[in-house]
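There are 2 protein chains.
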Amino acid sequence: MASPRKTVLITGAAGYIGSHIALCCLLSGKYSVVTIDNFHNSFPTALERVTKIAQDALPAGASDEDKKALEIKCYRGDISIKSEIDQIFKDYEGKGGIWGVIHVAALKAVGESGEIPIKYYENNITATINLLDVMDKYKVYNLVYSSSATVYGAPPQCPIPESSPLQPESCYGRTKFMSELIIKDVCDSAPDKWRAISLRYFNPAGAHPSGQIGEDPRGRPGNLLPLLAQMAVGKFPEGLKIFGNDYDTPDGTCVRDYIHIMDLAEGHVLALAALPRDEIYAAQGQAAGFGSSGGKYKAYNLGKGKGMSVLNMVDAMQKASGFKYKTEIVGRRTGDVPELTADPALAEKELEFKAKRDLEAMCRDQWNWQSNNPKGYENQA
Amino acid sequence: MASPRKTVLITGAAGYIGSHIALCCLLSGKYSVVTIDNFHNSFPTALERVTKIAQDALPAGASDEDKKALEIKCYRGDISIKSEIDQIFKDYEGKGGIWGVIHVAALKAVGESGEIPIKYYENNITATINLLDVMDKYKVYNLVYSSSATVYGAPPQCPIPESSPLQPESCYGRTKFMSELIIKDVCDSAPDKWRAISLRYFNPAGAHPSGQIGEDPRGRPGNLLPLLAQMAVGKFPEGLKIFGNDYDTPDGTCVRDYIHIMDLAEGHVLALAALPRDEIYAAQGQAAGFGSSGGKYKAYNLGKGKGMSVLNMVDAMQKASGFKYKTEIVGRRTGDVPELTADPALAEKELEFKAKRDLEAMCRDQWNWQSNNPKGYENQA
Numbered sequence: 005m006a007s008p009r010k011t012v013l014i015t016g017a018a019g020y021i022g023s024h025i026a027l028c029c030l031l032s033g034k035y036s037v038v039t040i041d042n043f044h045n046s047f048p049t050a051l052e053r054v055t056k057i058a059q060d061a062l063p064a065g066a067s068d069e070d071k072k073a074l075e076i077k078c079y080r081g082d083i084s085i086k087s088e089i090d091q092i093f094k095d096y097e098g099k100g101g102i103w104g105v106i107h108v109a110a111l112k113a114v115g116e117s118g119e120i121p122i123k124y125y126e127n128n129i130t131a132t133i134n135l136l137d138v139m140d141k142y143k144v145y146n147l148v149y150s151s152s153a154t155v156y157g158a159p160p161q162c163p164i165p166e167s168s169p170l171q172p173e174s175c176y177g178r179t180k181f182m183s184e185l186i187i188k189d190v191c192d193s194a195p196d197k198w199r200a201i202s203l204r205y206f207n208p209a210g211a212h213p214s215g216q217i218g219e220d221p222r223g224r225p226g227n228l229l230p231l232l233a234q235m236a237v238g239k240f241p242e243g244l245k246i247f248g249n250d251y252d253t254p255d256g257t258c259v260r261d262y263i264h265i266m267d268l269a270e271g272h273v274l275a276l277a278a279l280p281r282d283e284i285y286a287a288q289g290q291a292a293g294f295g296s297s298g299g300k301y302k303a304y305n306l307g308k309g310k311g312m313s314v315l316n317m318v319d320a321m322q323k324a325s326g327f328k329y330k331t332e333i334v335g336r337r338t339g340d341v342p343e344l345t346a347d348p349a350l351a352e353k354e355l356e357f358k359a360k361r362d363l364e365a366m367c368r369d370q371w372n373w374q375s376n377n378p379k380g381y382e383n384q385a
Numbered sequence: 005m006a007s008p009r010k011t012v013l014i015t016g017a018a019g020y021i022g023s024h025i026a027l028c029c030l031l032s033g034k035y036s037v038v039t040i041d042n043f044h045n046s047f048p049t050a051l052e053r054v055t056k057i058a059q060d061a062l063p064a065g066a067s068d069e070d071k072k073a074l075e076i077k078c079y080r081g082d083i084s085i086k087s088e089i090d091q092i093f094k095d096y097e098g099k100g101g102i103w104g105v106i107h108v109a110a111l112k113a114v115g116e117s118g119e120i121p122i123k124y125y126e127n128n129i130t131a132t133i134n135l136l137d138v139m140d141k142y143k144v145y146n147l148v149y150s151s152s153a154t155v156y157g158a159p160p161q162c163p164i165p166e167s168s169p170l171q172p173e174s175c176y177g178r179t180k181f182m183s184e185l186i187i188k189d190v191c192d193s194a195p196d197k198w199r200a201i202s203l204r205y206f207n208p209a210g211a212h213p214s215g216q217i218g219e220d221p222r223g224r225p226g227n228l229l230p231l232l233a234q235m236a237v238g239k240f241p242e243g244l245k246i247f248g249n250d251y252d253t254p255d256g257t258c259v260r261d262y263i264h265i266m267d268l269a270e271g272h273v274l275a276l277a278a279l280p281r282d283e284i285y286a287a288q289g290q291a292a293g294f295g296s297s298g299g300k301y302k303a304y305n306l307g308k309g310k311g312m313s314v315l316n317m318v319d320a321m322q323k324a325s326g327f328k329y330k331t332e333i334v335g336r337r338t339g340d341v342p343e344l345t346a347d348p349a350l351a352e353k354e355l356e357f358k359a360k361r362d363l364e365a366m367c368r369d370q371w372n373w374q375s376n377n378p379k380g381y382e383n384q385a
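Keeping their order, the protein sequence lines are chains A and B. Heads up, the first sequence is in our numbering, so the first residue is 5 and it goes up one at a time. Heads up, the second sequence is in our numbering, so the first residue is 5 and it goes up one at a time.
If you are wondering where the hints come from, they were derived from the structure by calculation, not from laboratory data. Treat the hints loosely; a few may be bogus.
As the list claims (entries may be wrong) - No more than 35 Å apart at the CA atoms, straight line, and that leaves these computed lysine-lysine pairs for DSBU-like:
{"no.": "1", "chain 1": "A", "residue 1": "Lys94", "chain 2": "B", "residue 2": "Lys123"}
{"no.": "2", "chain 1": "B", "residue 1": "Lys123", "chain 2": "A", "residue 2": "Lys10"}
{"no.": "3", "chain 1": "A", "residue 1": "Lys141", "chain 2": "B", "residue 2": "Lys353"}
{"no.": "4", "chain 1": "A", "residue 1": "Lys72", "chain 2": "A", "residue 2": "Lys56"}
{"no.": "5", "chain 1": "B", "residue 1": "Lys239", "chain 2": "B", "residue 2": "Lys141"}
{"no.": "6", "chain 1": "A", "residue 1": "Lys123", "chain 2": "B", "residue 2": "Lys34"}
{"no.": "7", "chain 1": "A", "residue 1": "Lys123", "chain 2": "B", "residue 2": "Lys143"}
{"no.": "8", "chain 1": "A", "residue 1": "Lys379", "chain 2": "A", "residue 2": "Lys245"}
{"no.": "9", "chain 1": "B", "residue 1": "Lys34", "chain 2": "B", "residue 2": "Lys358"}
{"no.": "10", "chain 1": "B", "residue 1": "Lys197", "chain 2": "A", "residue 2": "Lys123"}
{"no.": "11", "chain 1": "A", "residue 1": "Lys94", "chain 2": "B", "residue 2": "Lys141"}
{"no.": "12", "chain 1": "B", "residue 1": "Lys123", "chain 2": "B", "residue 2": "Lys71"}
{"no.": "13", "chain 1": "B", "residue 1": "Lys358", "chain 2": "A", "residue 2": "Lys143"}
{"no.": "14", "chain 1": "B", "residue 1": "Lys358", "chain 2": "A", "residue 2": "Lys94"}
{"no.": "15", "chain 1": "A", "residue 1": "Lys34", "chain 2": "B", "residue 2": "Lys239"}
{"no.": "16", "chain 1": "B", "residue 1": "Lys10", "chain 2": "A", "residue 2": "Lys123"}
{"no.": "17", "chain 1": "A", "residue 1": "Lys123", "chain 2": "B", "residue 2": "Lys94"}
{"no.": "18", "chain 1": "A", "residue 1": "Lys123", "chain 2": "B", "residue 2": "Lys123"}
{"no.": "19", "chain 1": "B", "residue 1": "Lys56", "chain 2": "B", "residue 2": "Lys353"}
{"no.": "20", "chain 1": "A", "residue 1": "Lys141", "chain 2": "B", "residue 2": "Lys94"}
{"no.": "21", "chain 1": "B", "residue 1": "Lys71", "chain 2": "B", "residue 2": "Lys330"}
{"no.": "22", "chain 1": "B", "residue 1": "Lys123", "chain 2": "A", "residue 2": "Lys77"}
{"no.": "23", "chain 1": "A", "residue 1": "Lys71", "chain 2": "A", "residue 2": "Lys245"}
{"no.": "24", "chain 1": "B", "residue 1": "Lys123", "chain 2": "A", "residue 2": "Lys99"}
{"no.": "25", "chain 1": "B", "residue 1": "Lys77", "chain 2": "B", "residue 2": "Lys360"}
{"no.": "26", "chain 1": "B", "residue 1": "Lys72", "chain 2": "B", "residue 2": "Lys34"}
{"no.": "27", "chain 1": "B", "residue 1": "Lys99", "chain 2": "A", "residue 2": "Lys245"}
{"no.": "28", "chain 1": "B", "residue 1": "Lys72", "chain 2": "A", "residue 2": "Lys123"}
{"no.": "29", "chain 1": "A", "residue 1": "Lys123", "chain 2": "A", "residue 2": "Lys141"}
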């Protein structure tokens with residue numbers, strides 16, 4: 005009997021966010037996963053582990069076919085080269101086709117993006133245009149896009165609703181902003197075909213509770229939680245620099261909206277389910293220029309809607325890991341905004357999305373991953 | 005003796021705007037021209053005629069070498085394919101290299117852009133990213149970019165200064181806006197290398213006074229002057245529809261800023277000359293987000309700074325061609341803005357640019373081209 009699962013192409017499924025999305029797609033029972041990944045900042049091992057976690061979650065006595073449906077077909081390739089995307093869609097034509105795409109693959113370091121902008125535009129914009137062109141060729145019109153809260157820049161109000169003006173302040177943020185504009189134009193050009201949802205991530209953190217998959221950044225982590233987790237296994241003995249404690253926030257340090265990676269990943273399964281629902285594609289709650297022009301395009305925040313300061317996070321990781329952090333307050337960093345938190349109401353209402361896992365779970369799972377894999381994926385004992 | 009001319013790559017030099025730019029580059033005595041063109045909306049004949057006009061302008065007794073320096077090396081190719089750009093730069097490495105690029109090639113029909121956005125993004129964005137990447141590879145850091153007044157959308161004030169917010173209202177306008185942002189990010193990433201000037205065209209019209217080169221659009225012209233010129237040679241006997249005569253303008257019809265194509269083209273030679281001048285790359289007069297971040301990027305309007313209504317243009321073309329136009333007032337067209345005129349002060353001050361040709365010359369030259377080439381380039385008697 006053929007699997008009733010729909011095939012979803014997840015670009016960059018071996019990465020931190022992509023692997024958790026792939027897992028949630030498999031666990032939903034509704035989707036099988038194919039991916040293309042260039043392993044620039046990710047590891048093939050992650051895909052094997054995703055399959056293993058999903059297989060372990062099957063009921064006792066599951067058939068070999070059920071297990072096989074959880075294997076992830078992986079193309080090692082580069083989506084900035086159109087023919088490499090085309091090959092996948094071509095291969096799947098004979099296997100019932102690809103139902104939809106979750107486009108996650110991108111370069112994502114804000115600082116680096118200002119140093120090598122051409123690489124960022126090629127990987128994040130040319131690649132998106134390539135993907136849309138190939139989808140169009142093979143008549144695959146369902147898309148969920150990984151956007152980012154960086155599209156808001158320094159917003160006029162916090163928590164940030166989706167209707168906030170889009171004024172990204174980094175090259176990385178502009179690649180996400182432009183991709184959204186491009187996808188929206190494509191949706192507007194053919195409302196009878198295209199449907200797309202952009203998900204604007206706030207600060208994803210944590211890991212699957214199994215401790216089998218998690219964030220394994222190359223080099224020094226750019227994000228706070230993986231940095232704290234790595235410190236607790238002995239890296240970066242110089243301790244944590246905190247950039248400013250004189251902001252107008254409860255404890256003076258910057259406040260961000262951390263969302264558990266499993267909540268974020270589940271949001272994608274909800275978005276896939278929402279794509280076919282005509283009623284969501286209305287103008288309400290969208291930024292200027294992003295309102296309905298007849299096209300079926302919508303953007304949603306994925307955040308918890310709750311701010312956590314740098315000191316909150318250090319405390320919480322200290323509890324989770326038992327490690328006593330050395331911190332040092334230094335001057336403010338150019339470009340840092342005191343507070344960035346999501347207004348999650350729109351996703352809650354229209355996607356039935358709710359970030360239900362708390363800070364304690366996030367830190368526990370982050371630490372579980374880190375302590376089980378002190379050197380990440382490739383350097384196991 | 006080697007030619008003292010610098011080699012400039014003009015993308016799309018066979019097109020209407022590109023051919024006049026190529027001619028002005030050659031006439032300046034400072035540049036030789038190489039081009040890549042896919043002849044999507046242009047004709048190889050234009051390049052031969054540009055060379056002929058430039059050669060005819062040489063003083064009597066010019067050497068064969070002087071004449072040869074006016075030949076345009078043309079690559080038939082597509083800049084959305086990176087290897088086709090790379091080949092040019094590679095070929096020129098042995099010939100003193102390419103000094104700079106004028107990036108003109110693009111799809112440009114506002115209406116069509118909303119219907120086939122993926123093609124527009126591929127031709128106008130992927131291509132720009134490809135070009136920047138290849139330039140970077142070959143260490144060619146001088147760029148003049150063909151932007152458009154469409155980046156302003158419906159501006160809050162008229163005449164429009166460069167500091168006006170950028171809020172394009174069409175997919176075409178967004179491709180120009182994004183290209184500017186991308187080029188600016190690249191300039192900001194390496195102020196010691198990159199220099200770029202974007203030129204925001206208002207409404208180019210007319211032709212070189214020889215009547216040998218001009219606008220030869222495929223199908224029904226989207227712009228007013230070529231449409232009127234073609235009507236005067238017997239096409240479109242149904243006459244001209246005027247979309248609204250109840251706007252708040254002197255005669256009730258929409259007002260635009262028409263600039264003679266030779267003035268516009270000469271602006272590019274001035275921009276090439278300005279690129280090395282450090283003092284122009286300041287924040288003054290630029291839109292939010294386009295101010296100086298240390299990078300050497302600047303945008304200028306190219307317009308006459310004078311508005312002409314639809315009825316003004318019909319009158320002027322009637323005088324030039326002797327043709328009595330049949331016009332019909334119909335309802336306003338969605339998206340039309342009553343008035344769009346350039347504030348040309350910044351280009352005047354910093355580039356020493358001045359659109360000196362008047363409306364009479366524009367219409368005379370338009371008609372001279374049309375009457376000499378009633379069927380355009382490819383259908384000569």
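Results of checking the hints against the structure:
no.	hint	result
1	A:Lys94 to B:Lys123	21 Å, holds
2	B:Lys123 to A:Lys10	29 Å, holds
3	A:Lys141 to B:Lys353	49 Å, violated
4	A:Lys72 to A:Lys56	11 Å, holds
5	B:Lys239 to B:Lys141	48 Å, violated
6	A:Lys123 to B:Lys34	33 Å, holds
7	A:Lys123 to B:Lys143	16 Å, holds
8	A:Lys379 to A:Lys245	23 Å, holds
9	B:Lys34 to B:Lys358	20 Å, holds
10	B:Lys197 to A:Lys123	17 Å, holds
11	A:Lys94 to B:Lys141	33 Å, holds
12	B:Lys123 to B:Lys71	39 Å, violated
13	B:Lys358 to A:Lys143	50 Å, violated
14	B:Lys358 to A:Lys94	55 Å, violated
15	A:Lys34 to B:Lys239	59 Å, violated
16	B:Lys10 to A:Lys123	29 Å, holds
17	A:Lys123 to B:Lys94	21 Å, holds
18	A:Lys123 to B:Lys123	21 Å, holds
19	B:Lys56 to B:Lys353	33 Å, holds
20	A:Lys141 to B:Lys94	33 Å, holds
21	B:Lys71 to B:Lys330	46 Å, violated
22	B:Lys123 to A:Lys77	30 Å, holds
23	A:Lys71 to A:Lys245	46 Å, violated
24	B:Lys123 to A:Lys99	28 Å, holds
25	B:Lys77 to B:Lys360	31 Å, holds
26	B:Lys72 to B:Lys34	14 Å, holds
27	B:Lys99 to A:Lys245	53 Å, violated
28	B:Lys72 to A:Lys123	39 Å, violated
29	A:Lys123 to A:Lys141	26 Å, holds
Of the numbered hints listed earlier, those contradicted by the structure are 3, 5, 12, 13, 14, 15, 21, 23, 27 and 28.
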